[in-house]
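Going down the list, the sequences are from chains A and B. In terms of the numbering used here, the first sequence is residues 1 to 352. In terms of the numbering used here, the second sequence is residues 353 to 633.
No lab work stands behind these hints: they were computed from the structure. Do not take every clue at face value.
Stated by the list, open to error - Calculated pairs, DSBU-like style, for lysine-lysine (alpha carbon to alpha carbon, straight line, at most 35 Å):
1) 434(B) to 399(B)
2) 265(A) to 251(A)
3) 399(B) to 265(A)
4) 434(B) to 265(A)
5) 460(B) to 251(A)
6) 460(B) to 434(B)
7) 251(A) to 399(B)
8) 460(B) to 399(B)
To be verified - Far from chain B by the CB rule (all over 10 Å, computed), these chain A residues:
9) 263
10) 281
11) 294
As the list claims (entries may be wrong) - Covered, in the sense of this in silico footprint (three residues per stretch, anywhere, with C-beta under 8 Å from a C-beta of chain A), are these stretches of chain B:
12) 365-372
13) 448-461
14) 500-514
15) 558-572
Even glycine gets a Cβ: it sits at the ideal position worked out from N, Cα and C.
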Amino acid sequence: MTTETLMQVASRSSVVLCCGSGGVGKTTASAALALAQMRTGRRVVVVTIDPARRLADALGVTGELGNQPTLLSSENGGELWAMMLDANETFANLVQGYSSDSAQVERIVTNRFFRNISSSLGGTQEYMAAEKLFELHNDPRFDLVVVDTPPTRKALNFLDAPGRLVRFLDHRLYRVLLAPARGGLRVVAAAVTPIVRTIARVVGASVVDDAIAFFQAFEGMDEGFRARAQQVTQTLTSPTTSYVVVSSAQKEALDEAQFFINRLKTENIATAALIINRLTPDFGVSSDTQTTNNFPALAENANRLAQRAASERLSIAPLVAAVSPSPVVYLSLLPHDVADHQALSLLADQLS
Amino acid sequence: MNNFFASSRTIIVAGKGGVGKSTVSAALALAAAQAGLTSLLIELDGKPSLVSGTSHITVRHISPADALTEYFETHGLARLSKRLVSSGIVDVVATAAPGIDDLLVLGKIKALERERAADIIIVDGPAAGHAVTFLQAPRALYDTVGSGPIRQQAQDVLQFLADPTRCQVMLVTLAEATPVNELIDTAFALEDRVGVALAPIVINAIEEQPLLEIPSSIETTSPLVTAARFHNSRVMQQTESISDLHTRLPLPSLRLTYGSSASSVIEDLANQLRSQIEQLS
């Protein structure tokens, strides 16, 4: 069985999701992979969460990235687009797509509770990332969508079927909140259940009123959301969707990477590739004793770096074994941040 | 040494992912234990702790969901609490009042501090970006919730955060441009919007060796030269980042060098912290 390369994995994929803990260069790796794929003539869009200014510069972003893709460069018939996820806007667009009643849309998107959902309800950011991915995946302008997921353990929560948000918006929850209205007068505000009254005493009535107003306005839309969530889940588990785990050799990052690999396994998804970033380069040591004796300080430095490189290789070994036979790409720690196009281009070459 | 640990009873450690926040939290707990103090290490995101409990160190996990459920149970909703969780109403409450879970986690930490659960409480806090939202939650809820127990809780936590003898935030960074920029943004946001005192900054994984001189007599193709050039460019980048940090954010710092052996990183860092803390005073 011949092992694929990371580029081969990406080339046969229509979606690549990069996951890993923060500070491992996940955003940079996503950008470099998108650039490398663009060079093969594909039209690629990279979805980032919050790129550092220097990386945005390296990508050639001049203004601010928004929730709609911006074309950054083209080469060889390929195109590189980028966008930054705005969960709130994505959610609002989704609501608009499910209602023909503009008054209903207005009631929902101006509700304080609705605005809180995208900023505060656990998993919503991730769900919106998945929703955006689904939208871009079906957009004829793009051949490949590269997603840089948020650096939290929750990043893969969107894999939960049928989705936490959908359960949250479910009609049944609304029934628990509100006592059934008598006489079929559904439009009239239904009586509030004792639980809700107790909660209102704890957190304040206005807070609870917002929530109830939201669920009332949302009524009838939950079915559409559920169907959509199923389609999104199908895309996420499709064979042309590949999961790439990014890590450094640092213990905390390795633990997180292992967590992601296991989490994918529970969904029967194999990690398609592993990128180990920020490795100490292995320069080797001088075999020439005379040089070593003549330049003891330099020899000691080379020894120290070689030891560091060796101990890193040792700590990453279990992770490399865990993804076998998927490809592993090793990237060296760079002396400087990836802050210009040349540096990103160099990184793209290393991935190819 | 004890002066440093006596200066604040709670230290919330925060920093961008990958800077070694959990390692530093564990090392800090160990350094306090070595100074003869009892410490309580609180983990917030469900990751296993890097130190195990000893006679001096207690490790405890606090999750937002647990804090919320516990709060319901202690506020007359015990009977309903299971139903609240299974019906999803807990999520409705957390969404209706954003930050309520963060507030309750902080409330729990505050309660542990109040009952003097240990000489020092070290919180392995959320990643830097989220640290601001996390610590802003009490203010936001205090402003939005008109009355009742949550408002009282928010007020108590605000007092806790504003008192430097009870609580300080220790920011951790690497000597690199991106984490340094993020640390500075976080530091200003915490001072301006939360009003919490900042402990000395921890700069982690600094190259210990100074710049190397590369003599002209050595063969330039030798691996010793490539290794030395790599080392030198790292040292220069780190020096630049550290000086940038100090110019833009004049706070004392604790500088930790790259762990020498992988097996005892925490002990090594604890030793370094102890000697750095001594130099502070």
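Hint by hint, here is what the structure shows:
Of the pairs offered as hints, the one joining residue 434(B) and residue 399(B) holds, with about 25 Å between alpha carbons and a cut-off of 35 Å not exceeded. For the given pair, residue 265(A) sits about 21 Å from residue 251(A) by alpha-carbon distance, which is consistent with the 35 Å threshold. In summary, the hint linking residue 399(B) to residue 265(A) is supported, as the alpha carbons are separated by about 19 Å, within the 35 Å threshold. Taken as a hint, the residue 434(B) and residue 265(A) pair is honoured in the structure, with Cα atoms around 30 Å apart against an allowance of 35 Å.
Only pairs whose Cα atoms come within 35 Å are accepted, and residue 460(B) paired with residue 251(A) is accepted, the gap being roughly 29 Å. Only pairs whose Cα atoms come within 35 Å are accepted, and residue 460(B) paired with residue 434(B) is accepted, the gap being roughly 20 Å. Proximity of residue 251(A) to residue 399(B) is assessed by CA-CA distance (about 12 Å); at most 35 Å being required, the pair is judged to hold. A threshold of 35 Å between alpha carbons decides the hint, and for residue 460(B) with residue 399(B) the separation of about 19 Å falls inside it, so the pair holds.
Once the 10 Å rule is applied to beta carbons, residue 263(A) is consistent with being away from chain B; the minimum gap is 13 Å. The claim that residue 281(A) is not at the interface with chain B is violated, since a C-beta of that chain comes within 10 Å of its own (minimum 6 Å). For residue 294(A), the condition that its CB be more than 10 Å from all CB atoms of chain B is violated, with the nearest at approximately 8 Å. Coverage of a stretch by a chain is defined here by at least three residues with a beta carbon nearer than 8 Å to that chain's beta carbons; for the stretch 365-372 of chain B and chain A the count is 5, and the condition holds.
Counting residues of the stretch 448-461 of chain B whose beta-carbon sits less than 8 Å from any beta-carbon of chain A gives 5, enough to reach three: the coverage restraint holds. Here the stretch 500-514 of chain B counts 4 residues with a CB under 8 Å from a CB of chain A, which clears the bar of 3, and the coverage holds. With a cut-off of 8 Å between beta carbons, the stretch 558-572 of chain B has 8 residues touching chain A; three or more are needed, and the interface restraint holds.
Comparing the model with each numbered hint stated earlier shows that hints 10, 11 do not hold.
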